[in-house]
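**Student:** First residue of the sequence shown: 1, per my numbering; consecutive thereafter.
Just so you know, not all the hints are guaranteed correct.
[Unchecked claim] List time: in silico DMTMM-like cross-link candidates among lysine to aspartate or glutamate, alpha-carbon distance up to 20 angstroms:
| hint | residue 1 | residue 2 |
| --- | --- | --- |
| 1 | Lys206 | Glu244 |
| 2 | Lys206 | Glu152 |
| 3 | Lys206 | Asp162 |
[Unchecked claim] What follows is a list of derived Cβ distance ranges for each label pair:
| hint | residue 1 | residue 2 | range |
| --- | --- | --- | --- |
| 4 | Glu71 | Gln47 | 40 to 46 angstroms |
| 5 | Glu152 | Glu104 | 45 to 51 angstroms |
| 6 | Ala67 | Glu35 | 33 to 39 angstroms |
| 7 | Arg51 | Gly80 | 40 to 46 angstroms |
Hint data in this document are derived by calculation from the structure and do not stem from the laboratory. From the three backbone atoms N, C-alpha and C, an ideal C-beta is built for every residue, glycine too.
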Amino acid sequence: MPIHIVTDSTADIDPARAVEIGVTVVPLFVVFGNESLRDYIDISRPQFFERLGHDPILPTTSQPSVAMFKEAFASAAARGNDILCISISSVLSGTINAARAAAERIEGVRIELFDSMNAAGGLQFFVEDAARMAASGAAMDDILAYLTAMRERTPLYASFPDLSHVRRTGRIGRAAAVLGGLMKIVPILTLDAGAVVSRSQVRTFKRAQETMADLICSEENGRAPARFRVIHTQAPELAAQMRERIIERCAGRTISVDIVEAGPVIAVHAGAGAIGVVATDAFDDRFPADSAQQ
1 MPIHIVTDST
11 ADIDPARAVE
21 IGVTVVPLFV
31 VFGNESLRDY
41 IDISRPQFFE
51 RLGHDPILPT
61 TSQPSVAMFK
71 EAFASAAARG
81 NDILCISISS
91 VLSGTINAAR
101 AAAERIEGVR
111 IELFDSMNAA
121 GGLQFFVEDA
131 ARMAASGAAM
141 DDILAYLTAM
151 RERTPLYASF
161 PDLSHVRRTG
171 RIGRAAAVLG
181 GLMKIVPILT
191 LDAGAVVSRS
201 QVRTFKRAQE
211 TMADLICSEE
221 NGRAPARFRV
231 IHTQAPELAA
241 QMRERIIERC
251 AGRTISVDIV
261 EAGPVIAVHA
271 GAGAIGVVAT
281 DAFDDRFPAD
291 SAQQ
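All chains should be built: construct the whole structure from the sequences, respecting the hints.
**Tutor:** Structural data, given as structure tokens:
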């Protein structure tokens with residue numbers, strides 16, 4: 001049975017791109033007071049930042065409803081597909097729990113849930129690779145094994161010029177945010193088992209960008225990342241500079257470096273001007289024969 005990929009909007013896959021690669025994106029919500037807006041549908045990136053600049057109500061986010069996932073799953077099942085749902089880290093959001101509840105209400109097809117333990121451009125890598133494998137006829141178990149291996153080799157780093165948003169929404173500890181504010185220390189954040197933690201601290205936001213480039217390009221444990229993604233929130237110039245840093249540090253290696261602007265839900269937590277980097281190995285279309293043994 002063919003496999004259909006479902007994900008959530010924190011993967012920051014634009015609607016046109018979702019159609020192109022054949023995936024269904026279930027939106028999270030941006031919440032201003034009593035108003036809930038579907039990510040990428042009811043509110044765009046420009047609309048979000050325009051509203052953030054003047055609305056006295058600070059936004060929060062909420063996960064999709066069980067009904068939204070059930071609708072997505074039922075639609076895919078009706079077309080004769082098994083379903084693989086790949087979600088944002090379960091530590092950062094309860095999105096996968098809503099998907100799980102929906103899956104329990106669908107019969108007659110196989111539905112697998114995969115916690116990427118990642119987000120934004122990192123989650124996007126998982127979804128794109130899974131969609132590519134599904135389109136080539138790969139078995140569900142092979143895709144799951146590939147994604148599980150990928151989870152161990154897809155680091156993400158991020159730094160924010162203003163920690164107030166990520167502190168307010170609870171994605172970073174109060175102590176780290178206060179320390180950064182009082183001592184003018186800029187933390188470089190990463191994901192550890194899906195949770196946001198501080199990887200290191202530097203004195204300036206520019207130095208944070210330099211350090212992130214060093215970290216993401218490192219060739220630890222014999223691995224040399226081949227695919228890079230720069231993530232930003234209303235910071236295209238910083239993103240372009242980060243792309244050049246990565247290219248310089250990886251001179252002599254065959255790499256690709258994409259730039260992705262985060263959507264409204266991610267921007268609620270990051271604020272404007274944030275920059276992040278994520279990397280993973282080259283896509284291995286020989287999987288599982290070679291990769292499973294690594």
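**Student:** Compare the structure with each hint and give your call.
**Tutor:** Verification of the supplied hints:
The suggested pairing of Lys206 with Glu244 holds, with an alpha-carbon distance near 14 angstroms, which does not exceed 20 angstroms. Only pairs whose Cα atoms come within 20 angstroms are accepted, and Lys206 paired with Glu152 is rejected, the gap being roughly 28 angstroms. Taken as a hint, the Lys206 and Asp162 pair is honoured in the structure, with Cα atoms around 13 angstroms apart against an allowance of 20 angstroms. Separation of Glu71 from Gln47 is about 25 angstroms and departs from the stated range, judged on CB atoms against 40 to 46 angstroms.
A hinted range of 45 to 51 angstroms for the beta carbons of Glu152 and Glu104 is inconsistent with their spacing of about 29 angstroms. Taking the beta carbon of each, Ala67 and Glu35 are about 19 angstroms apart, not inside 33 to 39 angstroms as hinted. About 41 angstroms separates the C-beta atoms of Arg51 and Gly80, a value consistent with the hinted range of 40 to 46 angstroms.
When each numbered hint is compared with the structure, violations occur for hints 2, 4, 5 and 6.
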